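A.B. asks: Sequence:
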Amino acid sequence: MVYIGLGSNIEQPYVQIKNAINALDGLPGTTVIADSGYYKSRPMGPKDQPDYINAVVKIETALEAKDLLTRCQQIEHRQGRVRSRRWGERSIDIDVLLFADQQIKTDKLTVPHPGISQRDFVYLPLLKLDPAIAIPGKMALKDLLHYDEDLVKDESKSDYGCQYAGDIDR
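Numbering (our numbering), first residue to last: 146 to 315.
Simulated from the structure, these hints should not be mistaken for lab results. Honestly, I wouldn't trust all of these hints.
Derived DSSO-like pairs: lysine-lysine, alpha-carbon spacing no greater than 30 Å straight-line [to be verified]:
| hint | residue 1 | residue 2 |
| --- | --- | --- |
| 1 | Lys287 | Lys163 |
| 2 | Lys250 | Lys287 |
| 3 | Lys203 | Lys283 |
| 4 | Lys253 | Lys203 |
| 5 | Lys273 | Lys250 |
| 6 | Lys250 | Lys203 |
| 7 | Lys185 | Lys163 |
Source: prediction; values computed, not measured.
Whole structure, please, built from the sequences with the hints as guidance.
C.D. replies: Here you go:
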């Protein structure tokens with residue numbers, strides 16, 4: 146299974162996420178199996194921007210990880226993504242979080258996504274989809290959250306006020 150994270154905070158975020166999920170489902174050899182529903186959270190970057198709407202989808206795909214990343218970036222571009230500032234507002238952000246049990250580290254792609262256990266707007270939707278999900282090379286996500294020293298040292302790193310915001314009507 147492959148897990149994809151989605152986020153948006155401008156240009157109709159709920160619509161942006163729904164459109165991105167439909168675009169993912171339309172990729173060659175790719176099927177969206179399940180979605181987490183919408184989650185709302187405060188921005189993790191600059192605070193002078195709207196709150197985010199986030200979701201995670203579980204997909205099956207015949208694409209290789211690097212090809213999936215390229216396709217995700219194409220979807221972002223088609224949906225008006227502009228990279229103006231780090232962690233700034235965006236019409237859509239699509240991240241490959243987990244790609245089966247693979248561990249990948251290239252200039253363009255790191256899987257598992259390095260921020261999974263520090264971002265409640267990522268790990269809460271992931272745990273909703275699969276409460277027993279494991280992070281390749283580590284442990285079950287629920288256990289990782291319990292033992293992650295960064296979370297214990299600085300609770301604010303993961304506290305973005307994430308809360309469930311409704312089902313995705315696909």
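A.B. asks: Each of the hints needs a verdict: does it hold here or not?
C.D. replies: Taking the hints in turn, this is what the structure says about them:
1. Lys287 <-> Lys163: Given that 30 Å is the threshold and the Cα spacing comes to 27 Å, the pair holds.
2. Lys250 <-> Lys287: holds, 23 Å
3. Lys203 <-> Lys283: Holds. Lys203 to Lys283 sits at ~20 Å (cutoff 30 Å).
4. Lys253 <-> Lys203: holds, 21 Å
5. Lys273 <-> Lys250: At roughly 26 Å apart (the allowed maximum being 30 Å), Lys250 and Lys273 satisfy the hint.
6. Lys250 <-> Lys203: Holds, because 21 Å separates the two Cα atoms, which is no more than 30 Å.
7. Lys185 <-> Lys163: It holds: about 14 Å lies between the C-alpha atoms, which stays within 30 Å.
Going down the numbered hints, you'll see the structure goes against none, and every one checks out.
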